[in-house]
Amino acid sequence: MASNNCERFEEEVLNYRFVIPLGLIALVAVLPVFVPWAKIVLTLAFAKGLAVLGIIVLLRAGQVSFGHALYFGVAAYASAFLGRQFAGGELISMLLVGLLVSGALSIVVGLFVVRYRGIFFGMLNLAFSMILYSVLEKFYHLTGGSDGMQVARPTVLGLSLERDNFEVLLFYGTVLAAISAGFAVHKFLRSPIGQIYQAIATNETRLEYLGVSARNTLLTGYVISAVLCGLGGSIMAVAQGIVTPEYTWWIRSGEFVFIAVLGGSGSVGGAFIGAITYELVRTYAAAFAADIWQMVLGFFLLGIILYASRGLYGLYDDLLKPLDLKLARSRGAGK
Amino acid sequence: MNIQLIALAFFDGVAYAALVFMVAVGLTLIFGVMRILNVAHGSFYAIGAYFTVSVGGAIFAAGYSHWLAFPLMMVTAALVGVVIGGPIERFLLKRIYAKEDVLQLLVTFAVFMIFEDVQRLIWGAQPYFDSSALTLMGNIEVLGISYTAYQLLFLPIVAVAVLIGLRLFLRKTLAGKLVQAVTEDREMATAIGIDADKVFLITFVIGAALAGFGGALASATTSVVPGMGADMIVLSFAVAATAGLGQVEGAAVAALLIGLGRSFAVYLMPELSVLVPYLIMLAVLLLRPEGLFGKQQLRKI
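Keeping their order, the protein sequence lines are chains C and A.
Just so we're aligned: the first sequence equals residues 1 to 335 in this note's numbering.
Just so we're aligned: the second sequence equals residues 336 to 636 in this note's numbering.
No lab work stands behind these hints: they were computed from the structure.
Be aware that a few hints might be false.
To be verified - Only pairs whose alpha carbons sit at most 20 Å apart, straight line, appear in this in silico EDC-like list of lysine to aspartate or glutamate:
#: 1; chain 1: C; residue 1: Lys138; chain 2: A; residue 2: Asp465
#: 2; chain 1: A; residue 1: Lys533; chain 2: A; residue 2: Glu522
#: 3; chain 1: C; residue 1: Lys138; chain 2: A; residue 2: Asp566
What the hints assert, rightly or not - In silico negatives: residues of chain C with every beta carbon more than 10 Å from chain A:
#: 4; residue: Leu100
#: 5; residue: Met123
#: 6; residue: Ser134
#: 7; residue: Asp147
#: 8; residue: Arg163
#: 9; residue: His186
#: 10; residue: Gln240
#: 11; residue: Ile242
#: 12; residue: Gly269
#: 13; residue: Ile305
#: 14; residue: Ser309
#: 15; residue: Lys321
#: 16; residue: Asp324
All values derive from a computational prediction rather than experimental measurement.
The beta-carbon is built from N, C-alpha and C at its ideal position, and this holds for glycine as well.
Can you build the whole structure from these sequences, using the hints too?
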């Protein structure tokens, strides 16, 4: 009876807890109808959110990659090349090729880097991303160097759309992709395989004694995280209409980790809350304080780490705690 | 490749290695003691360079001797260490030692972002150049090549002096021994009454000063531009990781390896020259996962 009560209580709390996020998603989804410029900003935010989702998978295992812009960039360039090859290209195939290339590369690089943990893991990823960055910058006859490559607006399932319609479609497509990817990652991290990642973070040696290969598990997570970054990168390439080596720059990798912590390290919802907040702060800071937008973001990050290390999602959680208690008390009184 | 080109590549590499070593050794020292990978280290380097160039320019414009460039470098290093490094450790890093590695790294990343804009606000986006120190020392002729004495002799000598100085400090002085004790086992060191807080502060100030000194030395050989800190931090990460994080002497060897590798690549395959440091690092870590001089960590079960 007591457990039943507990379950019901949990259900109720969870229900009202989900009301606000669902409302926010709805708000984000209709916002572009009223504020047209928000469309592209939010598309970029969700594209980055997808990449941050990848970072979160690795964070669950206690590993931080300071080079995941590698997969973001490689997918973006793969899409751009495909688009150039077929004069315009098709959106679906451009996204697919991004996923394929980032996934394939992550298996090769992953086999090497999953042998390392902690700082070395982060550093090696950084090194690989810097290698791609230099290649993109140096081989300018292929990649356009630091000027990058234009990405023409692709057709969607054979239809060539007007710019405005295309952006609307891309926005809702990205939101849909983000929600389904978020849901899938949430399920994955709660599955038995997902639970192993926490064990990698806390005590890997014990895990090995149980007969589970930490390396193989981490490799799976690594490929998943790379593919998510790849999807984000391809979307960003199409949305921005240009790819530059800056996609793979280490600061961009740092940005992903930054957003993950800002949103609330380790929570799927946090990835997108963080990405949207980050992108909005960045856009506003760049518009109103062009000289100091990095500084604004830096102080923002310091504030979060020092005073709210569970991130924005953690703040939300704390805000609702008194409500939880009140609800529990009123239930107790009612009995 | 004839003998002169080889010599030229060699000289370039040694001069470059000396500069990278200066930054990387500070980074690795801080990591060894505090277990923090300090991304803001690149900012210390850039600020050192900017400060030397702009203050030096003002001094020379006022008609004072160009020889003041050398004492100025020492002053810059001390200022970067004490005025910038000190407060950062005391008021910021001190509050996050109990937090996860990820957050510690991100705090230094945030500091780096803030300093990027601070530099742009103070010094703008235009390049600065002042080679007083370089021209004062003149050129010397080796194997029929005329090369600047500053890069060929002064930089390597300073780097070796810093290495020996650090070694003596760590092995022979009481303060250095305390630093080593905290590096080895922080809990034990605190238990026998060593003030770990003070050791952390001293280490960070020395590390930051070394980065600032590296920037001051570099400012005579290259133009000071935005973004130089970002480039340097990634490179000195590579050097520190190749050596094995926390290895002071190893950083010298790794800096030479990477410096020479890079400068020979400039002559042999210029397009790949930027890649060479990372390729060296990957090759070393493939064979020795803990770095050239790193020790295998004990695993807790």
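Each hint, compared with the structure:
1. Lys138/C - Asp465/A: violated (29 Å)
2. Lys533/A - Glu522/A: holds (15 Å)
3. Lys138/C - Asp566/A: Status holds; Cα separation ~16 Å.
4. Leu100: holds (24 Å)
5. Met123: violated (5 Å)
6. Ser134: violated (4 Å)
7. Asp147: The claim holds: Asp147/C sits with its nearest Cβ about 17 Å from chain A, beyond 10 Å.
8. Arg163: At roughly 33 Å from the nearest Cβ of chain A, Arg163/C sits farther out than 10 Å, so the non-interface label holds.
9. His186: holds (21 Å)
10. Gln240: Non-interface label on Gln240/C holds, nearest chain A Cβ at 22 Å vs cutoff 10 Å.
11. Ile242: holds (20 Å)
12. Gly269: With a cut-off of 10 Å, Gly269/C remains clear of chain A, as the shortest Cβ separation is near 19 Å.
13. Ile305: violated (5 Å)
14. Ser309: violated (6 Å)
15. Lys321: holds (22 Å)
16. Asp324: holds (26 Å)
Of the numbered hints listed earlier, those contradicted by the structure are 1, 5, 6, 13 and 14.
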